[in-house]
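In order, the protein sequences belong to chains A and B.
The first sequence begins at 1 in the numbering used here and counts up one residue at a time.
The second sequence begins at 1 in the numbering used here and counts up one residue at a time.
Simulated from the structure, these hints should not be mistaken for laboratory data.
Note that this is a predicted model, so its numbers are computed, not measured.
One or more hints might be untrue.
[Stated by the list, open to error] To give an idea of the interface, some chain A residues facing chain B are shown, with a C-beta separation under 8 angstroms as derived from the structure: (1) R31; (2) F46; (3) T49; (4) F72; (5) Y91; (6) E94; (7) L96; (8) G101; (9) R103.
[Unchecked claim] Derived BS3-like pairs (lysine-lysine); straight-line CA-CA distance at most 27 angstroms: (10) B:K9 with A:K69; (11) B:K57 with A:K42; (12) B:K57 with B:K9; (13) A:K42 with B:K9.
[Unchecked claim] Derived, one-sided and incomplete: chain A residues facing chain B with beta-carbon distance under 8 angstroms: (14) G32; (15) F34; (16) R61; (17) L87; (18) T100.
Ideal Cβ placement from N, Cα and C applies to all residues, glycine included.
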Amino acid sequence: EDQVTQSPEALRLQEGESSSLNCSYTVSGLRGLFWYRQDPGKGPEFLFTLYSAGEEKEKERLKATLTKKESFLHITAPKPEDSATYLCAVYGNEKLTFGTGTRLTIIP
Amino acid sequence: DSGVTQTPKHLITATGQRVTLRCSPRSGDLSVYWYQQSLDQGLQFLIQYYNGEERAKGNILERFSAQQFPDLHSELNLSSLELGDSALYFCASSPGGGTSGVVDTQYFGPGTRLTVL
């Protein structure tokens, strides 16, 4: 059974304070790791796909990296509008398995 | 806006009733996925349809069923509803079926909030 664990569950940062979110996974045959952003009551919004260890993707203040056991979402100099829940998911056994997310709050 | 549409936005019903949720995928996408998101369990995969055929099944209850029509829209039917079925239900779509090669990105709709009283 594929498993995804995200940490921390919640994170409060001052505006401009950089940090990283962690996603550790166990999956038989990783075919892709996905990061999504979700605002309260809304659908997940796609951010990144990573396919193999060593791969990195960047978008504005976000950078995602992947190793054989975990992925990190680095957020640099965050702004209040980056406040959201960040979800990690792995595609292994013909389906996406999601973690429970990290709820990120950026304080002005 | 992902291009995936879901109706209705909100649904309030009573225990024992049956409801139908509707999803229209992004233009050109052949796969539709259904997910349930409750407060204590996060996003749970229910079922996938690819070009009208069931492709993969997750933790979908026997009281729930889905189908994908020739125009590629999909419906999720929930019957004999229980209080515990109250949740957000999301539909996602992707261009392919995920059977081989690179895995497609799934794009999510805005969801249907179901409340069972």
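Results of checking the hints against the structure:
1. At a threshold of 8 angstroms, the smallest CB-CB gap from R31 (chain A) to chain B is about 5 angstroms, leaving the interface hint in force.
2. Checking F46 (chain A) against chain B by beta carbon gives a least distance of about 6 angstroms; that is within 8 angstroms, so the hint holds.
3. The interface hint given for T49 (chain A) holds, since its Cβ lies 6 angstroms from the closest Cβ of chain B, which is under the 8 angstroms cut-off.
4. Contact between F72 (chain A) and chain B, as hinted, is not supported at the beta carbon level, the nearest pair being about 20 angstroms apart and thus beyond 8 angstroms.
5. At a threshold of 8 angstroms, the smallest CB-CB gap from Y91 (chain A) to chain B is about 5 angstroms, leaving the interface hint in force.
6. Interface hint at E94 (chain A): satisfied, since its Cβ lies 4 angstroms from the closest Cβ of chain B, which is below the 8 angstroms cut-off.
7. Here the hint on L96 (chain A) is kept, as its CB sits about 6 angstroms from the closest CB of chain B, short of 8 angstroms.
8. Interface hint status for G101 (chain A): upheld, as the beta-carbon distance to the closest one in chain B is roughly 7 angstroms, under 8 angstroms.
9. Interface restraint check: R103 (chain A) against chain B, minimum CB-CB distance 12 angstroms, threshold 8 angstroms, status violated.
10. The straight-line distance between the Cα atoms of K9 (chain B) and K69 (chain A) is roughly 38 angstroms, outside the 27 angstroms bound, and the hint therefore fails.
11. For the hint linking K57 (chain B) to K42 (chain A), the alpha-carbon distance of about 24 angstroms falls within 27 angstroms, and the restraint holds.
12. Proximity of K57 (chain B) to K9 (chain B) is assessed by CA-CA distance (about 24 angstroms); at most 27 angstroms being required, the pair is judged to hold.
13. Using a Cα cut-off of 27 angstroms, the hinted pair K42 (chain A) and K9 (chain B) holds, with the two alpha carbons roughly 11 angstroms apart.
14. A distance limit of 8 angstroms between C-beta atoms decides the matter here; for G32 (chain A) the minimum to chain B is near 4 angstroms, and the interface restraint holds.
15. Because the closest C-beta pair between F34 (chain A) and chain B is about 7 angstroms apart, less than 8 angstroms, the hint holds.
16. This hint is violated: R61 (chain A) has a C-beta 21 angstroms from the nearest C-beta of chain B, more than the 8 angstroms allowed.
17. Satisfaction of the interface hint for L87 (chain A) is found here, the shortest Cβ-Cβ separation to chain B being roughly 7 angstroms, below the 8 angstroms cut-off.
18. Nearest Cβ of chain B to the Cβ of T100 (chain A): about 4 angstroms, under the 8 angstroms cut. The hint holds.
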